[in-house]
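Residue numbers (my numbering), protein chains in the order written: chain A, 1 to 221; chain B, 1001 to 1406.
Worth double-checking, as some hints may not be accurate.
Some but not every residue of chain A turned toward chain B, in silico, with C-beta under 7 Å [as the list claims (entries may be wrong)]:
no. : residue
1   : T73
2   : K84
3   : N93
4   : L101
5   : L106
6   : P107
7   : R206
8   : I210
9   : F217
Since the hints were made in silico from the structure, they are not lab data.
Ideal Cβ positions, reconstructed from N, Cα and C, are used throughout, including at glycine.
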Amino acid sequence: MVQLEEVWKTYRMAAEDVHALRGVSLSIPPGGMTAITGPSGSGKSTLMHIIGCLDQPTKGRYVLDGQDMSVATRSALARARNEKLGFIFQSFNLLPRANVLRNVQLPLMYAGIGAAERRDRALHVLELVGLGNRANHLPGELSGGQRQRVAIARALINSPSVILADEPTGNLDQATGLEIVALLENLAANGHTIIVVTHDPAVAARAGRIIRIIDGFIAES
Amino acid sequence: MNAARLIAPLSDCVIEIAEHKGRTALQMIGIILGVASIITTLALLRDAEQQSVRYYEVTGGVNKLTIYTDLTSRAAGTPLKGLTYGDILALEQNVPHADVVAPTVNRRTVVRARGKEEVLTVIGTTASFATLQDLEVAYGRFLTPADQAASVVVLGSSYAKEFFGLEDAVGQKLLIGEKWFVVVGCLERKYLASESGDNDLEWMNRQMFVPLAALPAVRDELLRDRQLSSIVIRIRDAWALPEATERIRRVLRARHGAEDFRIVSRAERLQRANRIRQMYDITFISCSVISLLVGGVIIMNIQLASLSRRIREVGVRKACGASDVQIFLRFLAESLFVAVFGGVVGVPAGYALTFLVRLFTGNLAMITPFMIFVGIVVAAGTGFVFGVYPAARAAVLNPVDALRME
């Protein structure tokens, strides 16, 4: 359950306050796929960072699964990212020198889970995304679509309450992008909460709910 | 935060180190050289210390006091009475700590034998002097109490060889001053290799001894008033040295009416030498530590440089839930592993360096397990200290900023 109440995010740039978010309030219940869209500079990435506990609001409250993240410590935010959130990025953000298995295991490693269990669970989620036979490959040896599947496996591995995808199809050709969206849809149908940030209307159209952001405000929801 | 959360991510950094072999090797160079030089320095310093201990051991120990006539006291106006054989008798009676006492009279005079002629120092003394210098007889005998004023001489090994060659010198005759002396004994050769490979004890092989009473008198024909060059006393127990010194001073002052003598303690001389050596120790160890610090700075710089290329990686790890502490420990562990590994590689390098020093100087420096332990611990400490700053820099990165980095 994601709840934002009157969330502001203000940056100070050259002695001038720039408001990336101006009092955003929204609530996303568990399950299903939600799209956040808007033109570039609208504040949708800032919103995603706050929902993903990568950043904190300047003003307002953000509650994730009953925990107020707007006042949480850095280590509490890290813990939330580890246990409650999974990330999928436009540029995949895999560690280039680590093989697929090690990349997928990362969240479990920071959760302090032993090597044997990490391996079993990583192989399991790799099966889910259809990459069971690529465990020992390096990211550089995979296609773009496969790399994004590795990222999805990594986002899934610690069974988070929310999976955040930031332009997940941005670096992929259309056919591959659709495959990835289909995979996300499938996860949403299986009870995962997926939030996709995108400016691609074709991707947004697949979501059950669309939140439009313009100039730091929610334009429609 | 439980221990597993802290330990599990560390396994990753061993892989990281193994994957960047070039970078790791570069980081290790300074540490390897630093540890090698620390181990070698410790070995050389220990050898120097042992050398000095050995020197004192083979020349009669440190419990030895030598009393000299103090020539400077003459300036004070008192007539110089000087040390006499009578002083010896008084000391033997009044200083219970004294174990062995012997007088010496040094006389430079012409010595002739077999057509060879040299001006040498002849030492007049008594039988106990052999104990005081730890002298061993190779042929014949040393002086005995029965010699009294007999014209007999005992030669150090170098003199025996110089005057009589390989032939047994015992029974041969030697002209000392105007008087013929019969050689009754030759001493065992004394040898102790110095740092430069010379014999540190050659001066002992260049001594010759005659009975005190056999030397022509200086002032008085009475033996007990005879002027001495020095009195050598061995004290039974080292702990009694200060007390014995004080006692000797009182006995002699009472007999002479003034302090016209000087007491030189070998223990004090050794302590003084040790203090000087400590200064050298500190200097040399500082040099090695500085080279290790340079190694630490290299580690830090390379960690910082590699961090600037890994900021995005840090962002990814933080997005996956790595806490500041986990990132900090991971980067710190990298520096620590590199330093310890460098330290381990530095040990054989230290052996090689010590071997070279031995090869070129004839030094006997030995590496002990303790030195290896010190080297590796100091290396680990260096890795730790210089790993803290880069690790802290990585830990405090904001995930959003780090992820934005290209």
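Hint by hint, here is what the structure shows:
1. T73: 10 Å, violated
2. K84: Result: violated, 9 Å to nearest chain B Cβ.
3. N93: 5 Å, holds
4. L101: Since chain B brings no Cβ nearer than about 12 Å to L101(A), farther than 7 Å, the hint is violated.
5. L106: Holds - the Cβ of L106(A) comes within 7 Å of chain B, reaching about 4 Å at its closest.
6. P107: 5 Å, holds
7. R206: 24 Å, violated
8. I210: With a closest approach of 24 Å, the I210(A) hint is violated.
9. F217: 21 Å, violated
Hint compliance for this structure: hints 1, 2, 4, 7, 8, 9 are not met, and every other hint is.
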